[in-house]
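> Modelling step: build the complete structure from the supplied sequences, incorporating the hints.
Number of protein chains: 4
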Amino acid sequence: MQIKKDIIRNKLKEAGETEFFEKGFERSSVREIAGKAGTTLGNFYNYFKNKEELFHEVVKNEVIKFEEFFHGHQEEPTEYLIQSEREPAAFYRALDEFNDVLTSVFTRKFYIWVACSKGTQFSNSKDMVIRYIGEHFIGHVRDVGTMIPDLDNTAAMLSNGFLDGILYILGNHSDEKTVNDLIKNHLLFFFMGMIGLIEGFISEVAHD
Amino acid sequence: MQIKKDIIRNKLKEAGETEFFEKGFERSSVREIAGKAGTTLGNFYNYFKNKEELFHEVVKNEVIKFEEFFHGHQEEPTEYLIQSEREPAAFYRALDEFNDVLTSVFTRKFYIWVACSKGTQFSNSKDMVIRYIGEHFIGHVRDVGTMIPDLDNTAAMLSNGFLDGILYILGNHSDEKTVNDLIKNHLLFFFMGMIGLIEGFISEVAHD
Amino acid sequence: MQIKKDIIRNKLKEAGETEFFEKGFERSSVREIAGKAGTTLGNFYNYFKNKEELFHEVVKNEVIKFEEFFHGHQEEPTEYLIQSEREPAAFYRALDEFNDVLTSVFTRKFYIWVACSKGTQFSNSKDMVIRYIGEHFIGHVRDVGTMIPDLDNTAAMLSNGFLDGILYILGNHSDEKTVNDLIKNHLLFFFMGMIGLIEGFISEVAHD
Amino acid sequence: MQIKKDIIRNKLKEAGETEFFEKGFERSSVREIAGKAGTTLGNFYNYFKNKEELFHEVVKNEVIKFEEFFHGHQEEPTEYLIQSEREPAAFYRALDEFNDVLTSVFTRKFYIWVACSKGTQFSNSKDMVIRYIGEHFIGHVRDVGTMIPDLDNTAAMLSNGFLDGILYILGNHSDEKTVNDLIKNHLLFFFMGMIGLIEGFISEVAHD
DNA sequence: AATGAATGAGGGTTCATTCAT
DNA sequence: AATGAATGAACCCTCATTCAT
Numbered sequence: 001m002q003i004k005k006d007i008i009r010n011k012l013k014e015a016g017e018t019e020f021f022e023k024g025f026e027r028s029s030v031r032e033i034a035g036k037a038g039t040t041l042g043n044f045y046n047y048f049k050n051k052e053e054l055f056h057e058v059v060k061n062e063v064i065k066f067e068e069f070f071h072g073h074q075e076e077p078t079e080y081l082i083q084s085e086r087e088p089a090a091f092y093r094a095l096d097e098f099n100d101v102l103t104s105v106f107t108r109k110f111y112i113w114v115a116c117s118k119g120t121q122f123s124n125s126k127d128m129v130i131r132y133i134g135e136h137f138i139g140h141v142r143d144v145g146t147m148i149p150d151l152d153n154t155a156a157m158l159s160n161g162f163l164d165g166i167l168y169i170l171g172n173h174s175d176e177k178t179v180n181d182l183i184k185n186h187l188l189f190f191f192m193g194m195i196g197l198i199e200g201f202i203s204e205v206a207h208d
Numbered sequence: 001m002q003i004k005k006d007i008i009r010n011k012l013k014e015a016g017e018t019e020f021f022e023k024g025f026e027r028s029s030v031r032e033i034a035g036k037a038g039t040t041l042g043n044f045y046n047y048f049k050n051k052e053e054l055f056h057e058v059v060k061n062e063v064i065k066f067e068e069f070f071h072g073h074q075e076e077p078t079e080y081l082i083q084s085e086r087e088p089a090a091f092y093r094a095l096d097e098f099n100d101v102l103t104s105v106f107t108r109k110f111y112i113w114v115a116c117s118k119g120t121q122f123s124n125s126k127d128m129v130i131r132y133i134g135e136h137f138i139g140h141v142r143d144v145g146t147m148i149p150d151l152d153n154t155a156a157m158l159s160n161g162f163l164d165g166i167l168y169i170l171g172n173h174s175d176e177k178t179v180n181d182l183i184k185n186h187l188l189f190f191f192m193g194m195i196g197l198i199e200g201f202i203s204e205v206a207h208d
Numbered sequence: 001m002q003i004k005k006d007i008i009r010n011k012l013k014e015a016g017e018t019e020f021f022e023k024g025f026e027r028s029s030v031r032e033i034a035g036k037a038g039t040t041l042g043n044f045y046n047y048f049k050n051k052e053e054l055f056h057e058v059v060k061n062e063v064i065k066f067e068e069f070f071h072g073h074q075e076e077p078t079e080y081l082i083q084s085e086r087e088p089a090a091f092y093r094a095l096d097e098f099n100d101v102l103t104s105v106f107t108r109k110f111y112i113w114v115a116c117s118k119g120t121q122f123s124n125s126k127d128m129v130i131r132y133i134g135e136h137f138i139g140h141v142r143d144v145g146t147m148i149p150d151l152d153n154t155a156a157m158l159s160n161g162f163l164d165g166i167l168y169i170l171g172n173h174s175d176e177k178t179v180n181d182l183i184k185n186h187l188l189f190f191f192m193g194m195i196g197l198i199e200g201f202i203s204e205v206a207h208d
Numbered sequence: 001m002q003i004k005k006d007i008i009r010n011k012l013k014e015a016g017e018t019e020f021f022e023k024g025f026e027r028s029s030v031r032e033i034a035g036k037a038g039t040t041l042g043n044f045y046n047y048f049k050n051k052e053e054l055f056h057e058v059v060k061n062e063v064i065k066f067e068e069f070f071h072g073h074q075e076e077p078t079e080y081l082i083q084s085e086r087e088p089a090a091f092y093r094a095l096d097e098f099n100d101v102l103t104s105v106f107t108r109k110f111y112i113w114v115a116c117s118k119g120t121q122f123s124n125s126k127d128m129v130i131r132y133i134g135e136h137f138i139g140h141v142r143d144v145g146t147m148i149p150d151l152d153n154t155a156a157m158l159s160n161g162f163l164d165g166i167l168y169i170l171g172n173h174s175d176e177k178t179v180n181d182l183i184k185n186h187l188l189f190f191f192m193g194m195i196g197l198i199e200g201f202i203s204e205v206a207h208d
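Going down the list, the sequences are from chains X, S, V and W.
The first sequence lines up with residues 1 to 208 when you count with this note's numbering.
The second sequence lines up with residues 1 to 208 when you count with this note's numbering.
The third sequence lines up with residues 1 to 208 when you count with this note's numbering.
The fourth sequence lines up with residues 1 to 208 when you count with this note's numbering.
Hints listed in this document are in silico derivations from the structure and should not be mistaken for laboratory results.
Just so we're clear, the structure is a prediction, and the values are computed from it rather than from any experiment.
Hints are all accurate, no fakes.
Subject to a maximum C-alpha distance of 16 Å in a straight line, what follows is the list of computed EDC-like cross-link-like pairs (lysine to aspartate or glutamate):
1) 177(S) <-> 150(X)
2) 184(W) <-> 150(V)
3) 118(X) <-> 26(X)
Written out as structure tokens, the structure is:
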């Protein structure tokens, strides 16, 4: 019975994942999720307390993974930024080392967690992720030693840009290789933008 | 009486604007909008045919403004990009000329139009804006002469990134000066990123 | 002031007549009636207590006219039926004498009273008219002396058929001459049908 | 559970039938239908997609039955008309053969379909039925060889009269035998009227 | 007399959730 | 474990009527 239970449970999770991805949490219908999972509305509630619990179930590992990822890579050196400065192609190739981690963190479920969670307890996930990324970004900027005015807000904005790029890719492509390529492009773009921004402020300060 | 009517009408528009901004069109409740405006549900329909008409009313000027803006600046020269290449500070200062137009185009209502219009006749506004921006972007890249592989997709992605940055700023800040500063940062960042991306591809091609 | 009042009042009555004719009482909108009359919703209630009172006003003369007509012609001789028996053309020409009375009784307002009054105090007008006509019919049949089984029900049914024909004509034609011609055809048809019916029962009885 | 479902479903259909019969589709309230069926508004929508689907359910068999009936009897001979000409009693007795088909076609649901469907996809049912009957009627008249001026309009008017008679009977009587008797009377009346009308025109033409 | 804003009850419909079986 | 019927609150919208101006 436990086996059977797991089968249904997984089907519900998969159906939920699809539904949440397509419609977001609030517009997702429990009836439809149950239907797609090949079971019935009522039975849904034998497996999950409510729609939100299913969402939590779908997404919880991503949350953990993301947090581990970020805490783990917090102390990652800034040398990449410095080494490859002004050499986009080098930076671009260097990114290959991160393929695995990128692929494992930036998944469809990550997208759901961040972009489809309005109405759940994770409503603030995007802000949280942005904050994480922002702190990461601030760290690097500090390492580089540049003074950027209004650093916090700028960091938030850049983080948001970074994140939205990721979400855009995940929301519009499902093929793993395509996703990976696009994310690399995005990172290159983002990296170059940051370099430019930093230099921009350096030269501006020099100008004053 | 006419005065009173205008008061309520404006209150409804303001309440609608707030509601749409916070919840998006679909999740916005006419009852709540009416309540926030200090009147009753039924009375709402003495002022607006339906929820969508209120949305239209809130947003219609933005649509016009945006289209005028883009058609007006379509033929804008690429020289900025060329002149200020590698000189972020110059680019940054050059942006000051655009303060007024940026402030007048990228407003809270612009945000509502683009980011909160799901379920209205403006559902496609984001795609439309992205297409506009993408074409603009492609034009500049052509002027510069770089060959970027898969230009259309990349353009879409970048346009999306550009727009999402704007939307993020508008969605998280209301103070006009802050918005303006962040948008300028965003443009600088974006400009530098594009330069980097273009160079990246140039050098990568050179590598092959 | 009395003059002005009458003008608006009449416009409201005319607009109401049109609206009732087209949509029936219940689906008619007071707002629209007021609008068509060139005045405002609120002002409507300065002239009429409510929608129903307007209906009453539109229709009341018809009710009186109809009742007078029927009471006046109750004692009308059956000789027409007898004289013109089996001579449809004669009957047809004889009807010319009734042109005036037919035109004055079977009007658009008569139609409204009978066919558009659902939801008003006149809901039962159709039944009432049918009963009148039925009694008239029964009277003639009695004069002729035929025994028709289930006379009351049959009378009601025939009266209904008679009335529906009239209503069909009034509801689908507005040109006075056309209406008059069609009503004459209808009466001929109806007369012949009655003759046939009566004979049918005579012969059937004879058969038994 | 399936049984219970059927019970409620049938109750809803019966309540709907009654409600539609009494008030017509548009004035019928889903809330009231559900109430009469002993359940709640929300539950109604577990059985029917919307009010119109219930209407469709109530009425769909009638539509099919009617179309089959008319297509099946399209080629019915005119000999009845000819044989029994001038012999109402014969015609009357001949009708007995049709008792079954009349009873099965002209039902309460037929009434609902034709007379209570304003606002549904069946809005045009009355026109359709009239057209059917009119064509049938025209066919017979052609067989008889009479020239009736403005045949189409006259056919429409007569068909309408025929149908209204049927509808009147169905709308005012529920006892099956009464309905059947009245319909037979109606047919006799109608038949005799037609004969009279035809002769009327013949003699009138002869007069000219 | 005229205006139209305001109200409130009602319309159809959706949906997460509960519950009896 | 499974079913789907039942509930109730919420949704948008309409409209006759009242009322303050």
